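Asker: One letter stands for each residue in the lines below.
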Amino acid sequence: MLSEAEMREIEEELSHSPSKQAACIEALKVIQRNRGWVSDESLAELAEFMKMSPAELDSVATFYNLIFRREVGRHVILICDSVSCWITGYDNLVAHFKNKLGIEPGQTTSDGRFTLLTIPCLGVCEHAPAMVVDRQTFWELTEDKIDKILEDFK
Amino acid sequence: MEKPLTQNIGADLKPASLADYEESGGYKAMKKALKEMTPEDVQKQVKDSNLRGRGGAGFSTGMKWGFVPMGENAPKQKYLVANADEMEPGTFKDRYIMEGDPHELLEGMILAAYAIEAPTAYIFLRWAYKKSEEALRNAIKEAHNKNYLGKNILGSGFDLELYVHVSAGRYMCGEETGLLNSLEGKRANPRAKPPFPQACGLWGKPTIVQNVETLANVPHIIAHGAEWYKNLSKTDDGGTKLYGVSGRVKNPGMWELPMGTSAREIIYEHAGGMHDGLDLKGFLPGGASTDFLTPDHLDIPLDFDSVTKAGSRMGTGTMIILDDRTCPVAMMANLEHFFAQESCGWCTPCREGLSWCAKILKAIEAGQGQMEDLDILKQHCEQLGPGNTFCALAPGAVEPLQSALKYFREDFERHIKEGKCPYK
Numbered sequence: 000m001l002s003e004a005e006m007r008e009i010e011e012e013l014s015h016s017p018s019k020q021a022a023c024i025e026a027l028k029v030i031q032r033n034r035g036w037v038s039d040e041s042l043a044e045l046a047e048f049m050k051m052s053p054a055e056l057d058s059v060a061t062f063y064n065l066i067f068r069r070e071v072g073r074h075v076i077l078i079c080d081s082v083s084c085w086i087t088g089y090d091n092l093v094a095h096f097k098n099k100l101g102i103e104p105g106q107t108t109s110d111g112r113f114t115l116l117t118i119p120c121l122g123v124c125e126h127a128p129a130m131v132v133d134r135q136t137f138w139e140l141t142e143d144k145i146d147k148i149l150e151d152f153k
Numbered sequence: 000m001e002k003p004l005t006q007n008i009g010a011d012l013k014p015a016s017l018a019d020y021e022e023s024g025g026y027k028a029m030k031k032a033l034k035e036m037t038p039e040d041v042q043k044q045v046k047d048s049n050l051r052g053r054g055g056a057g058f059s060t061g062m063k064w065g066f067v068p069m070g071e072n073a074p075k076q077k078y079l080v081a082n083a084d085e086m087e088p089g090t091f092k093d094r095y096i097m098e099g100d101p102h103e104l105l106e107g108m109i110l111a112a113y114a115i116e117a118p119t120a121y122i123f124l125r126w127a128y129k130k131s132e133e134a135l136r137n138a139i140k141e142a143h144n145k146n147y148l149g150k151n152i153l154g155s156g157f158d159l160e161l162y163v164h165v166s167a168g169r170y171m172c173g174e175e176t177g178l179l180n181s182l183e184g185k186r187a188n189p190r191a192k193p194p195f196p197q198a199c200g201l202w203g204k205p206t207i208v209q210n211v212e213t214l215a216n217v218p219h220i221i222a223h224g225a226e227w228y229k230n231l232s233k234t235d236d237g238g239t240k241l242y243g244v245s246g247r248v249k250n251p252g253m254w255e256l257p258m259g260t261s262a263r264e265i266i267y268e269h270a271g272g273m274h275d276g277l278d279l280k281g282f283l284p285g286g287a288s289t290d291f292l293t294p295d296h297l298d299i300p301l302d303f304d305s306v307t308k309a310g311s312r313m314g315t316g317t318m319i320i321l322d323d324r325t326c327p328v329a330m331m332a333n334l335e336h337f338f339a340q341e342s343c344g345w346c347t348p349c350r351e352g353l354s355w356c357a358k359i360l361k362a363i364e365a366g367q368g369q370m371e372d373l374d375i376l377k378q379h380c381e382q383l384g385p386g387n388t389f390c391a392l393a394p395g396a397v398e399p400l401q402s403a404l405k406y407f408r409e410d411f412e413r414h415i416k417e418g419k420c421p422y423k
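If you read the protein sequences in the order shown, they are chains U and C. For the first sequence, position 17 (counting from the first letter as 1) is numbered 16 according to numbering that gives the first Met the number 0, and the numbering increases by one without interruption. For the second sequence, position 302 (counting from the first letter as 1) is numbered 301 according to numbering that gives the first Met the number 0, and the numbering increases by one without interruption.
Note that these hints are calculated values from the structure, not bench results. Please note: incorrect hints may appear among the correct ones.
[What the hints assert, rightly or not] Here are the simulated DSS-like cross-link-like pairs (lysine-lysine), alpha carbons at most 30 Å apart as the crow flies: (1) U:K99 - C:K419; (2) C:K13 - U:K147; (3) C:K280 - C:K308; (4) C:K13 - U:K144; (5) U:K19 - C:K75.
[Unchecked claim] According to the in silico footprint, chain C covers these stretches of chain U (three or more CB under 8 Å from chain C): (6) 76-85; (7) 121-130.
Since the model is a prediction, treat every value here as computed from it, not as a measurement. No residue lacks a Cβ here, since even glycine has one placed at the ideal position from N, Cα and C.
Excised from the complex, chain C in its bound form:
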């Protein structure tokens, strides 16, 4: 089984040096692209590979790049931003790339910046990733010394400066336009779309914001071709995927596997199954903002379309496990407390609605709920859903809630009827 993304990443997460990275074929794709390919060629190859964004939304990367104005009349200043904020609870996959193989991200960024003709790039890094910061700053220095970054890279005429920006911490910074506001030194409130960042982003210039894992795929696609990449997958979505598991399983962690691997294989083979004495009650397939799936869904392929068809979202592909001894109502109270706290407050439904949900859930969990509360929660799931708020935070926040009300309704009702948490 080929594992291009993690081939240099050891269990100790010691960052691969530039020499290690080159020994495994690193920077060959960059040299090939700068010498033999036009920016349009790079865009086309990535589009043909069917690489879909690994940050959660799953949008086609090649198509996203295709919206950037190109050619003589395009603005000379454009930006590429690696979204390395990764603050979705339950998500920790990009950390492995940045800590274990920082040059892989750098090469992906050089190729992406070349493809959209951007001379400036940023890595927007979450504050908690201190080791990633060290590894990236060191890798940038190494790349500069070899003229893989800077002016006139390897005589190609292409310039790229790359900076690390460390966040001061807020979930909203992971939202594409919130991130841009934060880079400009503002509150990370989302911006109205259109205009989309591809045309009018950072400081009003064309900007691509791309997840770390997505960018790390690019060198391998350019080195081996779109067909090779597509064939790594078990399904129509190309490539491999970094899948992760957290919760009360025997071996929580992260594994690179073919796209479309089943949840059963990931949870029971790679994560070692549930702790002794516990059963699987449900799982969030791709981070805190995805709908619960249940043991009935263990055999669906975890790819973008299959998970959507099952009623959830692939999200980041890092699963959070709910076991049968953990109270689903309390879990929802925890999740909605997080989303309510991290709402930027910019739009009323999200600011007011999520904190109301959090309070109701806390009351139900404490045995002080009423049956009508379940209708109010359901109503919020509809009113905070897609299209009713400024950005995707609230629609994401109600995904686990709406599915918890569907699959674990009996648990909610028992809390209300018995006036206490039956799990305590």
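So here's chain U without its partners, still in its complex pose:
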């Protein structure tokens, strides 16, 4: 069931959307903010609330890179794999992540602490290579810098 807090947040979005469907991406984000990801059950509950079919809502949810339809860890690392970051060292940094965390991009560490995902372009190409952890952007990355950043995310 959607919680009262979730319903309130979604209603808030609906109040300045001219159609109910227009708020569905925001509503998916509300679910994700509260539950970490959008499970099949959550999606079905939300679809009912939004007066959409689950298939229709899922077609929107799966289109966008930042709506997670699989469970993620406590912290999500989004490492930019686009051209400027690639030129300035993406491959080495991903190899470092693999060594450090023992996971490939797309996987979650066994302790559920980190999920590593690649992401197209973070818009800080002049400070490449870059990544986002949760909501924070980090740039001009080196292996040492990554080690220090990861220590701060327990």
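With chain U's structure known, arrange chain C on it following the hints.
Answerer: Relative to chain U, chain C alone:
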């Protein structure tokens, strides 16, 4: 050298407050327009300035606005949308405006909305720009408090509500009609044109979608006039331009310079030249979806027509540098992987063709290519080109590829002949 767009933007990218912005002459253009000019006057001044869209296509802004139905019989509900998605790899210029001087975008939007008589506007913002979001939401609040937004702005009878919509991430959201679908809560598939959004856009109403840098130019044009604006430029395309450089240069960044500044000046003076020990092999002049240019093109003026004449596109004006130690085949594999992944899948040539290109390039890079692959890639460049797909994603995606095959063919052939990447 006048730098109207970035005059309030400091190195720390601290957002200019409403007071800072007004101190530098901000909101004077809005007051002047609402008091002394009709919407048609604003349209005319922008058209006379020869302001061309800074999002990539370079279409005349005044002419675009001119397609919106106006007057008594026009629909009362119209929309203005600032395209702040900026998800083209290598492009980061609009972020500086939104983070450093959010009121400049707001004033540009108020003027543009007034010019097309739109009472509602949206900023479609990419998710990664958290600081921009904070700066814009705060600026909107400040502008509301002074009645620069809301009902009956400064007693002029003009109303405008402005909302920020944060994307859930997808390159297709930057395409004009894909963006509109996304705002309506749908997949960001492109729409068939015609009808064009100027007549039938968001929720079927007349809509203008305009890039952030383009809108940020409008207050300065209205404040100082079309002739002043045209004279900022070194060439026929009016104004200044936010040029950027990324890649292995000494000082990557963004600079406001006269339109028509050469790539040589931008790369070697402002970006500090190549890292020690590296040479320039090529550059994408305006983001990932533009054709490579080479050191032979360093002296052409970077404006819309000159870059087109040289065989590329001005695009966003933010360059990506290819150095002589970076493998051009691997770079192409990276670029086509991006475009294949971000294709919305709506039309077959783009969905199937780009992923095929990406796979071929990966195989060549790994030393598993065949000479025939180069013909297949060339064929794709033609078949995915303009007019063969639903929108501009695939034609943009094959621009760097077709030029890489032209300028760096030897590199492709060496990978195939030697059965490995010669850069490793």
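Asker: Does each hint fit the structure? Answer for all of them.
Answerer: Structure-based check of all given hints:
| no. | hint | verdict |
| --- | --- | --- |
| 1 | U:K99 - C:K419 | holds, 29 Å |
| 2 | C:K13 - U:K147 | holds, 26 Å |
| 3 | C:K280 - C:K308 | holds, 20 Å |
| 4 | C:K13 - U:K144 | holds, 24 Å |
| 5 | U:K19 - C:K75 | holds, 22 Å |
| 6 | 76-85 | holds (count 5) |
| 7 | 121-130 | holds (count 7) |
Checked against the numbered hints above, the structure breaks none of them.
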